[in-house]
Amino acid sequence: MGKQSQRPVGEESAGEVVMGLRESFASGKTRSYEWRAAQLKGIIRMIDEKEENIMEALEADLSKPKLESFVHEISLAKSSCGLALKELKRWMKPEKVSSMLTAFPSSAEIVPEPLGVVLVISAWNYPFCM
1 MGKQSQRPVG
11 EESAGEVVMG
21 LRESFASGKT
31 RSYEWRAAQL
41 KGIIRMIDEK
51 EENIMEALEA
61 DLSKPKLESF
71 VHEISLAKSS
81 CGLALKELKR
91 WMKPEKVSSM
101 LTAFPSSAEI
111 VPEPLGVVLV
121 ISAWNYPFCM
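Okay, so the sequence shown: first residue is 1 according to the working numbering, each after it adds one.
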């Protein structure tokens with residue numbers, strides 16, 4: 001019998017996570033306002049539910065005082081999500097632009113859409129702030 005993986009249940013490799021994210025993006029579900037808003041609301045809910053754990057981890061890893069963690073990381077992340085929720089429809093709205101005279105009577109617009117999966121790397125001393 002072959003040797004089985006000793007990875008804990010539910011733990012994926014980075015490659016597996018990226019592959020799953022790319023499949024999710026390719027399905028088209030990330031394009032809708034509803035999906036994006038739900039993701040932002042989920043981040044806010046997670047921060048609210050895990051606030052104490054986040055502050056404890058920042059204190060253990062970086063000796064960051066809880067007040068500093070709250071002010072510089074937790075509240076900034078939540079307010080960023082709140083701003084994104086407030087502005088999301090406007091950010092997603094197509095923008096009319098002029099078209100070339102040779103294409104008359106056509107019209108043109110810029111449609112903001114997600115282009116794929118990205119990796120966001122943060123400053124080491126603000127690991128939670130988005």
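Derived by calculation from the structure, the hints in this document are not laboratory data. Watch out, some of these pointers could steer you wrong.
Heads up, simulated EDC-like pairs for lysine to aspartate or glutamate below, C-alpha to C-alpha not over 20 Å straight-line [to be verified]:
#1 Lys78 to Glu113
#2 Lys66 to Glu56
#3 Lys64 to Glu34
#4 Lys78 to Glu51
#5 Lys66 to Glu87
#6 Lys89 to Glu34
#7 Lys89 to Glu16
Estimated spans, in silico, between C-beta atoms of each pair [claimed, not checked]:
#8 Ser24 to Trp91: 33 to 41 Å
#9 Gly15 to Pro65: 15 to 23 Å
#10 Lys50 to Pro114: 22 to 30 Å
A quick note: this is a predicted structure, and the numbers were derived from the prediction, not measured. Every residue, glycine too, gets a C-beta built ideally from N, C-alpha and C.
Okay, the hints, checked on the actual structure:
{"no.": "1", "hint": "Lys78 to Glu113", "result": "violated (23 Å)"}
{"no.": "2", "hint": "Lys66 to Glu56", "result": "holds (7 Å)"}
{"no.": "3", "hint": "Lys64 to Glu34", "result": "violated (36 Å)"}
{"no.": "4", "hint": "Lys78 to Glu51", "result": "holds (11 Å)"}
{"no.": "5", "hint": "Lys66 to Glu87", "result": "violated (30 Å)"}
{"no.": "6", "hint": "Lys89 to Glu34", "result": "holds (10 Å)"}
{"no.": "7", "hint": "Lys89 to Glu16", "result": "violated (32 Å)"}
{"no.": "8", "hint": "Ser24 to Trp91: 33 to 41 Å", "result": "violated (20 Å)"}
{"no.": "9", "hint": "Gly15 to Pro65: 15 to 23 Å", "result": "violated (37 Å)"}
{"no.": "10", "hint": "Lys50 to Pro114: 22 to 30 Å", "result": "holds (26 Å)"}
Violation of the numbered hints given earlier is confined to hints 1, 3, 5, 7, 8 and 9; the remaining hints are satisfied by the structure.
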